[in-house]
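Input sequences plus hints: build the corresponding full structure.
Protein chains: 8
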Amino acid sequence: MEIDKVKQIFQLLSEQKITFEDATKIINNFGFTDLDFAKVDTERKVRTGVPEIVYGEGKSASQIVKIVTTMLQSQNNILVTRVTPQKASDVTKYLPELTYDTSSKMLLWKKHTLQKTKGKIAVVTAGTSDLHVAEEAALTAEMFGNNVTRIYDVGVAGIHRLFARIDAIKEARVVIVVAGMEGALASVVGGLVTSPVIAVPTSIGYGTSFHGISALLTMLNSCATGVTVVNIDNGFGAGYSASKINHLGEYTN
Amino acid sequence: MEIDKVKQIFQLLSEQKITFEDATKIINNFGFTDLDFAKVDTERKVRTGVPEIVYGEGKSASQIVKIVTTMLQSQNNILVTRVTPQKASDVTKYLPELTYDTSSKMLLWKKHTLQKTKGKIAVVTAGTSDLHVAEEAALTAEMFGNNVTRIYDVGVAGIHRLFARIDAIKEARVVIVVAGMEGALASVVGGLVTSPVIAVPTSIGYGTSFHGISALLTMLNSCATGVTVVNIDNGFGAGYSASKINHLGEYTN
Amino acid sequence: MEIDKVKQIFQLLSEQKITFEDATKIINNFGFTDLDFAKVDTERKVRTGVPEIVYGEGKSASQIVKIVTTMLQSQNNILVTRVTPQKASDVTKYLPELTYDTSSKMLLWKKHTLQKTKGKIAVVTAGTSDLHVAEEAALTAEMFGNNVTRIYDVGVAGIHRLFARIDAIKEARVVIVVAGMEGALASVVGGLVTSPVIAVPTSIGYGTSFHGISALLTMLNSCATGVTVVNIDNGFGAGYSASKINHLGEYTN
Amino acid sequence: MEIDKVKQIFQLLSEQKITFEDATKIINNFGFTDLDFAKVDTERKVRTGVPEIVYGEGKSASQIVKIVTTMLQSQNNILVTRVTPQKASDVTKYLPELTYDTSSKMLLWKKHTLQKTKGKIAVVTAGTSDLHVAEEAALTAEMFGNNVTRIYDVGVAGIHRLFARIDAIKEARVVIVVAGMEGALASVVGGLVTSPVIAVPTSIGYGTSFHGISALLTMLNSCATGVTVVNIDNGFGAGYSASKINHLGEYTN
Amino acid sequence: MEIDKVKQIFQLLSEQKITFEDATKIINNFGFTDLDFAKVDTERKVRTGVPEIVYGEGKSASQIVKIVTTMLQSQNNILVTRVTPQKASDVTKYLPELTYDTSSKMLLWKKHTLQKTKGKIAVVTAGTSDLHVAEEAALTAEMFGNNVTRIYDVGVAGIHRLFARIDAIKEARVVIVVAGMEGALASVVGGLVTSPVIAVPTSIGYGTSFHGISALLTMLNSCATGVTVVNIDNGFGAGYSASKINHLGEYTN
Amino acid sequence: MEIDKVKQIFQLLSEQKITFEDATKIINNFGFTDLDFAKVDTERKVRTGVPEIVYGEGKSASQIVKIVTTMLQSQNNILVTRVTPQKASDVTKYLPELTYDTSSKMLLWKKHTLQKTKGKIAVVTAGTSDLHVAEEAALTAEMFGNNVTRIYDVGVAGIHRLFARIDAIKEARVVIVVAGMEGALASVVGGLVTSPVIAVPTSIGYGTSFHGISALLTMLNSCATGVTVVNIDNGFGAGYSASKINHLGEYTN
Amino acid sequence: MEIDKVKQIFQLLSEQKITFEDATKIINNFGFTDLDFAKVDTERKVRTGVPEIVYGEGKSASQIVKIVTTMLQSQNNILVTRVTPQKASDVTKYLPELTYDTSSKMLLWKKHTLQKTKGKIAVVTAGTSDLHVAEEAALTAEMFGNNVTRIYDVGVAGIHRLFARIDAIKEARVVIVVAGMEGALASVVGGLVTSPVIAVPTSIGYGTSFHGISALLTMLNSCATGVTVVNIDNGFGAGYSASKINHLGEYTN
Amino acid sequence: MEIDKVKQIFQLLSEQKITFEDATKIINNFGFTDLDFAKVDTERKVRTGVPEIVYGEGKSASQIVKIVTTMLQSQNNILVTRVTPQKASDVTKYLPELTYDTSSKMLLWKKHTLQKTKGKIAVVTAGTSDLHVAEEAALTAEMFGNNVTRIYDVGVAGIHRLFARIDAIKEARVVIVVAGMEGALASVVGGLVTSPVIAVPTSIGYGTSFHGISALLTMLNSCATGVTVVNIDNGFGAGYSASKINHLGEYTN
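Protein chains in written order, with full-length UniProt numbering: chain G, 1 to 253; chain U, 1 to 253; chain X, 1 to 253; chain D, 1 to 253; chain C, 1 to 253; chain S, 1 to 253; chain L, 1 to 253; chain F, 1 to 253.
No wet-lab data here; the hints were simulated from the structure. Computed from a predicted model, the values in this text were never measured in an experiment. Misleading hints may appear alongside valid ones.
[As the list claims (entries may be wrong)] Covered by chain L, per the in silico footprint, the following chain S stretches (three or more residues, Cβ under 8 Å):
id : segment
1  : 156-166
2  : 170-183
3  : 187-195
4  : 210-221
[To be verified] As a list, the in silico DSS-like pairs of lysine-lysine whose alpha-carbon atoms are at most 25 Å apart:
id : chain 1 : residue 1 : chain 2 : residue 2
5  : G       : Lys118    : U       : Lys120
6  : D       : Lys118    : X       : Lys118
7  : D       : Lys120    : X       : Lys118
8  : S       : Lys110    : S       : Lys87
9  : U       : Lys120    : G       : Lys120
10 : U       : Lys118    : G       : Lys118
11 : C       : Lys118    : S       : Lys120
12 : L       : Lys118    : F       : Lys118
13 : U       : Lys17     : L       : Lys17
14 : S       : Lys17     : X       : Lys17
15 : S       : Lys118    : C       : Lys118
16 : C       : Lys17     : F       : Lys17
17 : L       : Lys118    : F       : Lys120
18 : C       : Lys111    : C       : Lys93
19 : C       : Lys120    : S       : Lys118
20 : U       : Lys118    : G       : Lys120
21 : S       : Lys120    : C       : Lys120
22 : D       : Lys17     : G       : Lys17
Even glycine gets a Cβ: it sits at the ideal position worked out from N, Cα and C.
And the structure:
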């Protein structure tokens, strides 16, 4: 809860600049707009430093339209994740300003251009089939102003491909490793770089890949230190966390 | 593989400062000392920026003694994780310079005092029983020169305890959340702070806690963004990753 | 088994008001009508205090029509759960008196208006996508005469939304918390209210949400006491149990 | 968070009965005493209506002594759950006022006698081996002033034993069913009574009982409505929730 | 392997009624017809006492036609299990002699009427949705000449329905209990009858029913003795085993 | 419930041979003796045709002594399963009439010699390590008057050992197959015999045997028909069910 | 990494036949062609002794066309696995030289005829439904020049079919056993042959077959030694490994 | 079954060199000695090409003594696996000829020196803690006459250690990779060598390593082709299979 804001309201109250009724009302309503089926978080930027994200799965096209329309008032960039092509087409009929990215399955509205970071985020994939998740991570990071390097299809089955690109990976301030099947790439990269590594297991594979569980377990048990993990296929979460970490290097300048 | 080093050796070779035989020999042996049952990584500091860690579980006291003795030559600090009290006592008979920390179950040798970071790492626990894992994280981070704030026993069952300390948590550059049972604290903290959060599930609980699986799943599915996860009870991994991230802010000064 | 009824029949027998043959026949047939493929429980209201429910999944439209037709004779309200839109349309062709609620996927026949309880049941959801299950719970509770308050989309990722509505939740005699993904809302609410909490995990999420298992485990391991749990997506069961509990407060007046 | 208390402090502030500094301090410290390794919740009674509980597992005897000593100041009854006989003996050396109950493995301090409820809670077990968990439930309920009826060893393998006692079970306002192995008793009881049923799976069994998972699944899938479930072996949680529900009937008098 | 047949061939050989070459050939080819993709077991009746069964799942319509055509030569009854309506229609175009039973999803060819057993097999289901699996069991048993009694929809949620039909169940020599969701019916029936009980878990249910795993575990852990279990939805296997057991009573006359 | 008995009491009541009060009392108490912590089922023999069994696991030695002492009055044979050597020794101090069988870990009291069946039960094991479970099955069957043939250590890794004994197995009226590790023996035997097969998975093995789960799954999926399965290590259940089936052949003589 | 190649480049460098810049460039690019979304491994044959394989699942038809077109330059045979009929038809429109095999779902381009091995690989299946996976194994082995014997539908339910073909199986240098359901065939074959056995679990079955997990566990726990296992339905992997092993016998000639 | 032997006996019979009775007796008894609790396989060498192995787990010291004593008559080497130090000491009191190897926990009796293979088997481990399982593999392979190279502690966290030894690994005809935790080493080695790779997951690790399941899944999903897998900690099985494969190269000379 907004302890800082509460204190600020105390201050105003104690200075008698606002009444007790006002203070109570402010507390009960600040931070979001109530759409009945959804509370749209119009002040999250203040709280977490980033524009609003809409988790698109399980929401109807019409719910997305209403939520995005409410958000437009706050003048932030907007990112809707996990949108099927059909749903995207239904949404953009009403909101043609939104762009649909087919590889990451995200709807984007980039109203403001953010300053690009000097530090880089490397997004590395084991195979071609991991590309959808990798693009979700890469685009998310770019939406938050990060400088992103893509290095795709360098899995350990042909490890010379990884070594050929290792310099570019080492250059990055944060590395995202996206891999399905057995997910061994995260351990190998984790042993080769000094930057923090965020591992994203993907549901690519069959049989005992168990829709990503095998890759997830590999990454959680990584013998290389400095590797943290997000949910299966959660490219967005990886891109978002990487952005937070990458900006730490920038902020202190 | 040490592409940079290989290039350097190319350079020397092309300048005829070393012979072809010497170049081959260097490649085959650089970076570790071979103890037959273990290859001690005497150059890891160069590669990953940190002193050598020994994973103590599954190694006998005598194996630990031999490995640590070899490491002593490289003048790094040393940290042996997951050491039972009995094994610790067997090791320190031979290596009295090592200190045993009972709460984190680590053996430490702090030969050099590192400069402390300005940025802080907050280690937050849900309950008193999560303390062992939290201390493993906190001490690891301190061994790598980080400024650490401990905030223990602020689980969501009595959420007012968390809000009373939220300012100290928000101040940190990186937050580690340690929680067992249902692990909900990670999501709540993740929704309240702007810094990256590393969640550590612990094996605290019974029945359907399944030795930490319940907390792990909670953390992987966190509805709050910016949360990444490590293995169950892996305090060391969290402390290590947090240190990498925390130093990003420092490096760029 | 209806021990009370058996005793009553004994009484009648011992008073020679019925014959031995009649007594045997009554025991063999009381309480239901036999449709061959289904035994319709026409006396359940007597036994459990509530109108008859039909579990719609796995039954054909024609089976539902036959079962409901039989029930109509007993003059109870009727509730058919888990009916797809297609099946609902097939059923209402023959039984136009039934109303289909698209959000809860239930068929309803409210022949009698029940007296509303003074005590309230609060139905709280973490996200917008949990709405289907929440409506199943809310409508079920309303069908049984409860006063229901809906508080939707107040998940812990933006916990200020929850605190803004906490008074309405605290006012309720019973609280139903509906949440998918990591399900942390149940623990947080459980720690803030004094009333009994029924937690409903939903199958919302992806990857390691494992179709609701993650939320289920979170809820079963809740560090907040006073939380009990029902099956994944079982809004009906939660609404039904909450109604039983809520009526306890009423009955004793 | 204590919205009510915050409002009260607003009131005081706006009436200038306290200073801004005092208000801030109150918010940061109210509700618990900080023992460094634990935040003892000295005001929980106000918040949730019940005395303080200590979860004993994973805490050392000395930690329990310190926590209980702090609690003594608030003049509540005390209940420490999941204490092994050895730990209990270590604790009572320092705190002889605590009584150890070997069947439920709880330490108790009943400083105040609570008024007994008129409504009853029935605790029903399938077998003799479920007795430990049942007693944890029964004693917890009694500590909170409930009238408890115990009906043990009436599992469905010999269902005539259950029917012989069904009247006593039907009389209760809330029923707790404790069962291991296949846990079928919960469904059978759930189909026979009109009161809410709380099912507690136990870890009794072998092989595919999977330490209580089989009973847990049975209970979550109960075809009888009105059954909610708690964690495996969580007698305390069942007793606590049952007490909350049972008191609803009392409060409204 | 047909030790008896081998001995018989020895006998013939030692009496020089067949040559060594013939003996070898007989051994290599007896008992089946080779269709290249399938070895049709034309002599299984001799070996196990029953007509040939074709497991229809995973076989194409044309493969089924070829296999059945080969079997026709051996003059046995034929039963093809797990055939979808579409596949059944494709098969019967070529083999109009086969009858498709929509409730059990089996193709049948009853060329010979078997003598009916005096002893009965009771097929009991918990709900209406378990009917498909129950019919697979009942029809299989009838195909093998058993006298079958069907008692459907007598689950434990309304246990008086079960007691009303318990006499018919007790009369049977073997009882098959078919139940999904929590599967408690098997334990209850197992505690009430003296005959062997075969329990068939079904995939009916949702959420934690895990497609039949919950019912399976319940049945394997049954506290009632005398219950054995088959695979989820394996009505055929239950009917087949029940037939074997039921005939034991007949054979010894 | 004892419908037959209820009818009998009706008869007596209607003939005025007993009073209404007596009838009620009889219903409430028939069938067991109440020991408070256990309801001893003194009439089960009448109900299920077999002597009383005590499940020893989770019961203290003193509880077993009290239960067995109560049973002694009903003049049945007694069998206590899953008794550790220590507990057995504690029990036999007070009840020296009981015999402890170390291989099956059962306590036995054979007061009456039952007539032996003509039909045989074959108990077949894959390995030497499965012997404990096999003996539990064999001794149980013998306690119930069955003629038992033991055929041990004939697993499929050396299938010639099985074929050497196949005649003895084929001779049996019921076959129990006991196997751990991958449990393939059940399928092979199931394909070779015409009698019903009861498969008992054992917890023998390591790694992916998962304490018997692997063998259990093998048996549930057996491609050979006529195989039913019991819980892991449940030798008692297999022996008991086999006895029921074997006696079917005897009864009809 | 290509240590041999690195050494060779050293040699050239030390002899001043190439410049330092050239050496670096060679290292960064040798071994593959970069298609941006994929790094095509044009030199894998040199590295692993086999032509290039494309894993078709998760790749679009257009990606497959581009990858195969790149490969055509290296004059190897080509094998694309796991291609649906629709995707195959889309690919062959552009690359009519590719042949689609419907049973194994592979696209093949056999530009060069390899010399056939003298040693044989036997591919053995339990049932007809395992044929797709078996053909993937058999065709893969043939693509690499192996002499393959197919022995289908010889599962243990009718073990005489296996013994009738055991000589052909014993003749093979390597045996691949393909089985779903309970997978017992691998253990039986493993106990009968002296050659190495590669077991392939298939997803054939229902209920507790858990899409191949049951067969996988059976095979991993095989009591017969000399059995190794690959992923569920991984016919390609089995054929590939068998080819490597079979060629060992050839190479040493 | 020994079809070849059966044919041979036919031959003898048809030539009247043996009687029919003799032939039957031979079939029933050939291949093993019956110890009642175990059938000792005295002819397995003939059948599978290797000396007899005793699986020590679950067998008592006295059972092992009896089995080994019986084997001694067949003049083979002997290997008893999975023997605890205590059991080993109990066995060697009676059979001092047996040697106990503490690292592999095997009892060995090497009566005959086998000719060593020219081809090598490489045993590679990821860490020092995997040594026990690796030695079980290496010693087994040596017992069967293989030339074994050990390369320990070359896990992917410090991949330069692996590359420094890659030449020795490439030289081997078969490679065994032993790894716990995330098991990524198998994929990396699999991508670098042309020989067949057998992967052995070990139970080394904690938390989500799940006693080896994580490493097992990694290996089954290996993106590198040519990798087959054995049970967790099954060093013996890997050594045995590797020996079979390695000898293929030798046999054809």
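We went through each hint and held it up to the structure:
For the segment 156-166 of chain S, the stated coverage by chain L holds: 4 residues have a C-beta nearer than 8 Å to a C-beta of that chain, and at least 3 were required. Residue count for the segment 170-183 of chain S with a Cβ under 8 Å from a Cβ of chain L: 3. That meets the three needed, and the coverage hint holds. Check result for the segment 187-195 of chain S against chain L: holds, 5 residues qualifying (beta carbon to beta carbon below 8 Å, three or more required). Against chain L, the segment 210-221 of chain S contributes 9 residues with a C-beta closer than 8 Å to a partner C-beta. That satisfies the three-residue criterion, and the hint holds.
Only pairs whose Cα atoms come within 25 Å are accepted, and Lys118/G paired with Lys120/U is accepted, the gap being roughly 23 Å. Restraint check for Lys118/D and Lys118/X: satisfied, since their Cα atoms lie roughly 22 Å apart, inside the 25 Å limit. Note on Lys120/D and Lys118/X: the hinted pairing holds, with a Cα-Cα distance of about 23 Å set against a maximum of 25 Å. A hinted pair counts as satisfied when its Cα atoms are at most 25 Å apart, and Lys110/S with Lys87/S qualifies at roughly 20 Å.
Simply put, Lys120/U and Lys120/G have alpha-carbon atoms about 23 Å apart, close enough for the 25 Å limit, and the pair holds. For a cut-off of 25 Å, the pair hint linking Lys118/U to Lys118/G stands: about 22 Å separates their Cα positions. Using a Cα cut-off of 25 Å, the hinted pair Lys118/C and Lys120/S holds, with the two alpha carbons roughly 23 Å apart. Distance check on the hinted pair: Lys118/L and Lys118/F sit about 22 Å apart at the alpha-carbon level, within 25 Å; holds.
Proposed proximity of Lys17/U and Lys17/L is supported: the alpha carbons are some 17 Å apart, at most 25 Å. For the proposed pair Lys17/S and Lys17/X, the alpha carbon gap of about 17 Å is at most 25 Å, so the pair holds. Restraint check for Lys118/S and Lys118/C: the C-alpha separation of about 22 Å stays at or below 25 Å, so the hint holds. Between Lys17/C and Lys17/F, the direct Cα distance comes to roughly 17 Å. Compliance with the 25 Å bound is thereby established for this hinted pair.
Simply put, Lys118/L and Lys120/F have alpha-carbon atoms about 23 Å apart, close enough for the 25 Å limit, and the pair holds. The hinted pair formed by Lys111/C and Lys93/C meets the criterion: a straight-line CA distance of about 19 Å does not exceed 25 Å. Between Lys120/C and Lys118/S the alpha-carbon distance is near 23 Å, which keeps this suggested pair within the 25 Å criterion. The hinted pair formed by Lys118/U and Lys120/G meets the criterion: a straight-line CA distance of about 23 Å does not exceed 25 Å.
For the suggested pair Lys120/S and Lys120/C, the alpha carbons sit about 23 Å apart, so the restraint of at most 25 Å is met. Taking the CA atoms of Lys17/D and Lys17/G, the gap is near 17 Å; set against the 25 Å cutoff, the hint holds.
Checked against the numbered hints given earlier, the structure satisfies every one of them.
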